[in-house]
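> The lines below spell out each chain.
2 protein chains.
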Amino acid sequence: MKEVAYLLVAVVALIGAVVYMAHASERFDEEADPIFGIKIPPGYRDWKLISVAHEEGNLNDLRALLGNDVAIKAYRERKVPFPNGTMIARLAWSYVPSEENNKVFGRAQSFVPGPATNVQFMVKDSKKYAATGGWGFAQFKDGKPADEPLLQTCFPCHEPVKARDFVVTHYAP
Amino acid sequence: MKEVAYLLVAVVALIGAVVYMAHASERFDEEADPIFGIKIPPGYRDWKLISVAHEEGNLNDLRALLGNDVAIKAYRERKVPFPNGTMIARLAWSYVPSEENNKVFGRAQSFVPGPATNVQFMVKDSKKYAATGGWGFAQFKDGKPADEPLLQTCFPCHEPVKARDFVVTHYAP
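First to last, the protein sequences are chains A and B.
Quick note on my numbering: the first sequence kicks off at 1 and runs consecutively.
Quick note on my numbering: the second sequence kicks off at 1 and runs consecutively.
Rather than coming from a laboratory, the hints here were simulated on the basis of the structure.
Where hints are given, some of them may not hold.
These stretches of chain A come out as covered by chain B in the derived footprint (C-beta under 8 Å, 3 or more residues) [what the hints assert, rightly or not]:
(1) 57-64
(2) 91-104
(3) 111-118
(4) 165-173
In this text, all values refer to a predicted model and were calculated from it rather than measured experimentally.
We treat Cβ as the ideally placed atom computed from N, Cα and C, and that holds for glycine.
Let the sequences and hints guide you as you build the complete structure.
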């Protein structure tokens, strides 16, 4: 009898673990940003390139700006304000020297992406996000959305470029 | 009669100019790299992002690596060697500080793309380019292909990464 009891405990524990993990991964997939309700847009890594940049200082990253088709069309037609449905992604990776590339170039000059730092999104919906210039803002780190205090800082930082519909990045030729 | 003669001369001159310009633009569109015969692949600016980088020194640029669908699939599946039909584009722009972004960040830290420097391509065709590891190389500046001496330097520079099928850039996560 004792063996059966142990087995039963083990089976119940295993079922519990599986249910917990399934639930956790579901929660992870579905987690939305707490202010604007934005989830990570599926397929954003396949969007087209807007531009690239390097930030020094505390950020110390290499970054790429990608846009969905609505964004890219508006950029190329220099259409401001951006139409509803525009989505812009800002990917960023830590800024690391490439020993491998430096060997090829024969001098220390090459910097490449290290691990991803976080990914940010701007989503245009002039009604839903009327209070913040028509834009919703989101930031995710390892799939987890940033908290409210951080997201409150997004729009004030974009306000200086109101003339470009609050979009900082120019299209790279 | 004199007026008619002048008119005739003017018409002939106009036709000549139009024919010359049409021919010149056709020549420009069709100019291929003198060693590998590569032309600028149509639509390459729409390819998906592989990675980004910053080179200091004489290059002093910000760069983006884009790949056609064959390239992206191979990268994501970590497939080496890359299959025939793989095309990789390296875009580069001069590295310039952004006064505009620095104002927003409150400190001098932001570097963005200036004018484009040149664009390079790697094209995989294991038969056609057997002598250079299966890769053809091209570089264009303002639509004009680089000359033979420059293109001769491409493959030697890629040889150290033979284990990765001569492709320097890693896929950014």
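> Hint by hint, note whether the structure agrees.
We went through each hint and held it up to the structure:
| no. | hint | result |
| --- | --- | --- |
| 1 | 57-64 | holds (count 5) |
| 2 | 91-104 | holds (count 8) |
| 3 | 111-118 | holds (count 5) |
| 4 | 165-173 | holds (count 5) |
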